[in-house]
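Colleague: Chains as they are written, first to last, in UniProt numbering: chain A, 1 to 378; chain B, 1 to 607; chain C, 1 to 369.
Source of the hints: derived by calculation from the structure; they are not laboratory data.
You may find that some hints are simply not true.
Claimed, not checked - Cβ pair distances, simulated, as ranges:
id	chain 1	residue 1	chain 2	residue 2	range
1	C	69	A	244	16 to 26 Å
2	A	27	B	132	24 to 34 Å
3	C	204	B	477	22 to 32 Å
In this text, all values refer to a predicted model and were calculated from it rather than measured experimentally.
Glycine included, C-beta positions come from ideal geometry on N, C-alpha and C.
Here are the chains, one letter per residue:
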Amino acid sequence: MTGPSIAGPAMRLRGLVRKESLQILRDPSSISIAFVLPAILLLLFGYGVSLDARNVPIALVIENPGSETGSFAASLVGSRYFAPAVVRDRRAAEQALLAGEVDAIVVLKGDFARRLWSPAGAPIQVLVNGTDANTARIISGYLEGAWQKWLAQYAMDQGRALAPPVTIEQRVWFNAEVRSRNFLVPGLIAIIMTLIGTLLTALVVAREWERGTMEALMVTPVRIGEILLGKLIPYFLLGMGGMALSTAMAIWVFGVPFRGSAAVLFLVSALFMLAALGLGLFISTLARSQFVAGQVAIIVAFLPAFILSGFIFDIASMPRAVQLLTHLIPARYFVSSLQTLFLAGTVWPIVLANAAALAVMAAVFLALTWRKTRKSLE
Amino acid sequence: MTGRPEAAALEAPAAAAPVVALRDVHKRFAAGSRTVEALDGLSAEIGAARITGLVGPDGAGKTTLMRLVTGLLAPDSGSIRVLGLDAAAETRAVQASVGYMPQRFGLYEDLSVAENLELYADLQGLAGAERRERFERLMAFTGLGPFRTRLAGRLSGGMKQKLGLACTLVRPPRLLLLDEPSVGVDPVSRRELWEIVRRLVGEGISVLWATAYLDEAERCHEVLLLNEGRLLAAGPPSRFSARLEGRTFAVRGEEAERRTLLDEVRALPQVVDAVVKGRDLRVLLSKQAEPGYLESHCRTLQAGRARVTGVDPLFEDAFVALMKEQPATSAGRPARGGPSSRGAAPARTKTAAGRPEAVIRVEGLIRRFGSFTAVDGIDFQVARGEIFGLLGPNGAGKSTTFKMLCGLLPPSDGRALVLGIDLRRAAAVARGHIGYMAQKFSLYGNMSVLQNLRFFASAYGLTGKARQERIEAALEEFGLFAYRDAVSETLPLGFKQRLALACAIMHDPGVLFLDEPTSGVDPLVRREFWTRIDAMAEAGVSVLVTTHFMEEAEYCDRIGIIYRGKLVAAGTPEELKAAHATPQLPEPTLEDAFVDLIGRYDSEHPR
Amino acid sequence: MWARLVALIAKEFLAVWKDRRSRAVIIGPPLIQLLIFGYAATFDVNHVATAIYDEDGGLAARDLIARFEGSPSFEIVARLTREAEIRQVIDPKRAILVIHVGQTFSRDLLARRPARVQLIVDGRESNTALIILGYASRIVADFNSDWLKAHGEIAPPAHLVVRSWFNPNLESRWFIVPGIVALLTLVVTMVVTALTVAREREVGTFEQLLVTPFRPFEILIGKAVPALVIGLAEGTVIIAVGVFWFGVPLRGDLPLLYAGLFLYILAVIGIGLMISSVCRTQQQAILGAFLFVVPAVILSGFATPIANMPPLIQDLTLVNPMRYFLIIVRGTFLEGLSAGLVLERLWPMAVIAAVSLSGAAWLFRHRLQ
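Based on the provided sequences and hints, a complete structural model is requested.
Modeller: Below, the structure is given as structure tokens:
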């Protein structure tokens with residue numbers, strides 16, 4: 001070793017970080033990936049992705065209009081969940097359901113008024129389009145709520161006490177109005193950060209190989225760790241900038257409450273960013289060509305993060321084998337941390353477990369990358 | 001520039017201990033299913049404080065050797081000692097005192113000149129006053145001072161090369177490795193680079209210079225000639241050429257009959273090699289040739305009388321002789337003498353006989369990119385059966401002109417007509433009359449040779465029996481038969497080039513466009529290639545070729561020099577050389593003429 | 001001309017097929033993802049981690065809790081004894097639902113006073129929360145009607161009889177698996193097309209192609225046919241797996257489904273080739289493909305209904321071919337969609353395909369440097 005001065009490693013790192021930062025500044029695509037992309041995606045998805053049905057088109061078939069049917073119809077019209085169209089003919093309503101013009105049909109038969117208070121009670125027939133099972137379930141839930149409200153009101157108007165023996169008192173913690181945006185937006189941030197972290201770095205190492213600059217770097221006294229750190233630091237800062245922007249938008253644009261500690265959010269995000277960048281660098285190092293790195297990034301980063309992270313689909317309800325698989329997806333831990341930090345506050349058992357998992361993943365990806373990028377062309 | 005480079009040939013300094021010593025080095029790579037022996041028991045030494053040229057055909061193992069010396073690759077067996085250290089075991093120490101410029105210079109194109117230098121200074125741990133001083137010196141040394149803030153990607157090839165060199169010199173290395181530094185660089189820059197490297201050697205730095213240019217090799221102190229991973233010969237270039245004393249001749253015949261003469265001379269059994277060199281043919285005879293062999297045969301040629309004079313052998317002759325005496329093995333060297341123009345070829349319309357028919361006509365061609373004018377009013381014509389060369393430094397506007405002619409780029413103003421047609425507007429079938437060979441041999445790399453040929457044959461509308469015959473003829477003629485099922489990207493460079501040409505002329509085009517057709521291929525392949533082109537021109541095909549190999553320009557009937565978007569000179573190679581003859585230099589080479597012309601133009605038209 | 005075109009198509013097939021890595025990319029991951037996502041992507045909630053906090057301990061309370069225990073939707077993971085423990089199980093997600101039966105439950109019930117059951121749900125995943133509450137209220141409603149019957153009380157004057165068409169058990173897999181046909185076909189077709197032109201431009205073969213007598217639309221056909229064949233083959237495999245492996249009913253006409261698939265792939269090919277020919281480098285093409293695929297998937301109705309989106313974003317989805325194909329594929333699978341209704345979704349995809357394909361063909365020649 002012709003020992004470099006003490007300042008050697010620091011100086012080399014400074015040079016690499018400066019080089020990478022300049023390249024980022026010169027190439028508008030990196031800046032736009034880090035800032036413009038999350039802003040646009042968050043706006044698009046924050047508003048676009050919602051599981052809350054509003055003004056669901058339904059057909060209300062009233063075969064024999066009267067005061068009873070009128071009061072039931074009024075309760076549906078008054079609900080913000082439904083946009084009912086009243087028809088006389090059941091056939092027409094079924095046609096509309098087939099054509100997708102309405103999502104459900106509520107039928108009050110001709111003998112509705114007469115059968116009220118009969119021992120068997122009057123049936124209210126509901127037909128939902130079950131194709132979208134989730135929406136169907138939500139709609140029938142809404143209808144049930146409307147029915148119960150009407151029932152209580154109607155009984156009171158008739159001067160009869162009508163109370164079910166057991167009533168449910170529901171408390172939805174952390175998200176009292178059950179706004180799906182409150183849980184979707186933190187999840188979206190995790191998805192978007194996965195995309196950005198992976199995209200930012202997936203191409204950069206491959207690019208150095210393709211342009212032949214890696215070969216020139218390797219014959220200088222620089223160490224592999226320094227090359228990787230030199231890439232990690234600027235993209236880490238860039239990614240954290242994008243994260244800060246997304247968090248600010250979640251709080252001030254989408255009105256998602258933030259109940260946790262900002263410092264913990266920063267820490268978890270930092271760990272996640274390291275894991276995502278590590279994954280990107282790993283893909284990049286293995287692929288050595290931008291073409292393959294790009295294809296792999298689309299398939300490895302986006303789709304699993306979308307479907308297996310628990311962002312929309314409940315992990316606990318997946319088959320056991322698939323649940324195990326989700327543990328390999330960094331976004332899974334981040335989605336869970338963000339939902340907790342935003343809505344529930346700093347719940348240490350969750351935050352710590354997720355942070356530990358992210359730290360392990362970051363360490364594994366970075367170590368693998370470090371091992372794969374030997375200072376050699378083989 | 002100080003005079004002719006040959007004049008600057010170096011006196012070998014007293015031999016010191018070698019800086020690099022290789023002992024029985026083996027290195028294998030897996031290429032697909034087979035293993036390639038990149039270095040096959042190589043032993044060699046590289047002397048201190050001198051320039052050692054590393055020469056050899058493509059795939060000889062030059063780049064592998066460089067990478068082994070820098071420790072970027074480890075040998076499978078054998079030892080490599082660099083500056084007294086083991087390159088494989090003490091890699092970091094070796095890398096601390098070695099400077100290496102890889103083939104594409106290793107520059108960050110989106111960083112400026114100064115930023116690239118800063119980066120390498122940081123990496124090399126150069127700080128403070130030492131750093132400032134070194135930068136000043138390097139800027140002065142390379143003449144990059146005025147371009148400090150320019151992005152490396154915007155530099156010309158020559159400037160990139162100098163910046164790449166400056167970056168490797170930030171901390172003065174004891175050993176400098178340059179991997180084909182002059183590929184894609186114009187002659188002026190090549191000369192400047194040579195001067196810089198010479199001065200470095202004066203400071204005690206040892207240099208290993210891999211090159212495909214044999215005139216460069218000739219100027220080195222020592223040459224290592226590699227072939228198929230083995231050392232074929234080593235020593236000062238003069239020793240190489242000395243072996244050929246009395247075997248090299250210049251033959252001069254009628255100007256108009258030059259190509260016929262060439263064919264006939266090549267057909268003589270004792271002729272190892274014959275090439276066009278200006279007005280003359282340069283001929284190399286085999287060892288067995290008796291004295292007076294050439295003179296006696298030249299009297300009986302159809303091409304008329306030819307005068308034979310003996311000339312001094314060059315390194316190039318030695319290279320060709322050595323390579324051709326090698327038994328043809330896996331790389332499949334071209335057969336002796338290479339292909340010849342087929343006898344049945346129709347006589348070409350003589351330029352001398354009346355008004356030639358202009359096949360390519362360029363009138364007032366202009367192309368702007370934003371505020372930058374890449375091509376600034378170019379006019380020229382190419383006649384039937386003529387080879388017209390477009391020469392010029394990188395970024396001068398050659399490729400842009402070329403693309404407009406092929407209909408790949410619309411001109412901003414002016415006209416570019418091929419066979420009287422504007423290819424950009426013409427019906428697609430009109431493109432069936434032209435053949436096109438792009439810079440990097442644009443073949444479908446993952447398809448086999450046969451699949452490529454079939455595709456291009458069909459693309460040009462050949463079907464059924466005609467197509468089959470044409471493909472078989474191409475396989476035969478280009479010696480590709482043994483490779484017909486090989487995946488084309490695994491072919492040696494020379495074969496890729498043959499295949500690219502075979503594809504481009506599948507349909508017997510009347511006009512052939514060749515964009516830098518030989519860059520990066522070794523001298524033997526280059527010769528073989530030109531023999532084919534000559535034959536085609538003889539058969540009446542008009543050829544437009546861009547190049548920055550001056551040696552190649554000698555093969556052209558006429559050349560046009562493009563510089564800063566303008567056609568600054570046009571004429572036959574002889575006319576251009578004559579126009580730039582000076583009392584000091586009565587017989588300039590084309591390269592001399594080029595350098596002189598550019599210099600004059602720059603002084604007359606300051607930017 | 002036909003021979004020329006056949007040669008071009010054959011060449012494009014070879015280009016995809018002979019590259020070992022891209023062959024792997026278009027065959028392996030989509031099939032693995034089909035299986036994983038088919039199981040993973042579900043809105044059905046089961047085995048909900050539930051904690052019981054029973055302060056009453058009476059017979060009625062135990063009966064109610066037993067109903068939860070007996071349901072496959074719930075899994076009792078803890079029994080709590082103090083109120084403070086509720087937070088301790090919900091916060092770290094040990095339980096998502098806590099059923100709290102108050103001290104006076106049995107007494108109230110017998111005294112004909114409304115007996116309250118408190119359900120505490122973790123709202124961090126509000127969709128899951130809503131579904132859980134729905135399940136729970138079903139169980140309580142059943143309990144109520146059984147109680148009323150057993151005690152000779154009158155039933156409520158009217159009751160809901162809910163039936164769902166097309167998917168009687170509301171299995172969300174029936175909804176998701178046809179969606180995966182659209183999702184994976186989109187991704188595969190995009191990966192095949194988005195880089196082709198950009199790669200040929202980078203390597204230089206595209207210029208070579210442009211100087212041959214090929215017309216732009218021939219090049220277009222050459223690039224489109226392999227992608228179309230690959231897309232159709234991939235789509236067929238996914239449809240088959242959906243029907244035979246996941247058991248999703250296929251009620252509609254296959255020809256209608258294939259008409260939809262055909263136009264859908266064509267539209268995606270057009271968009272992919274357009275991205276590819278606009279971009280100078282492969283890197284840009286990769287980014288471009290990402291920027292199309294991600295919003296196209298999220299704003300297609302694949303996971304969340306388009307009807308829930310604000311009007312502006314709903315308008316934006318009109319140019320998304322996946323939106324139309326999702327309706328067709330789900331409709332033909334589950335609803336047996338009629339030809340007229342399919343046609344209504346076919347023509348927008350035809351328009352998108354026509355515009356994007358001709359745009360791509362125009363760009364081949366006009367996008368040079």
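Colleague: Are any of the numbered hints broken by this structure? If so, which, sorted upward?
Modeller: 1
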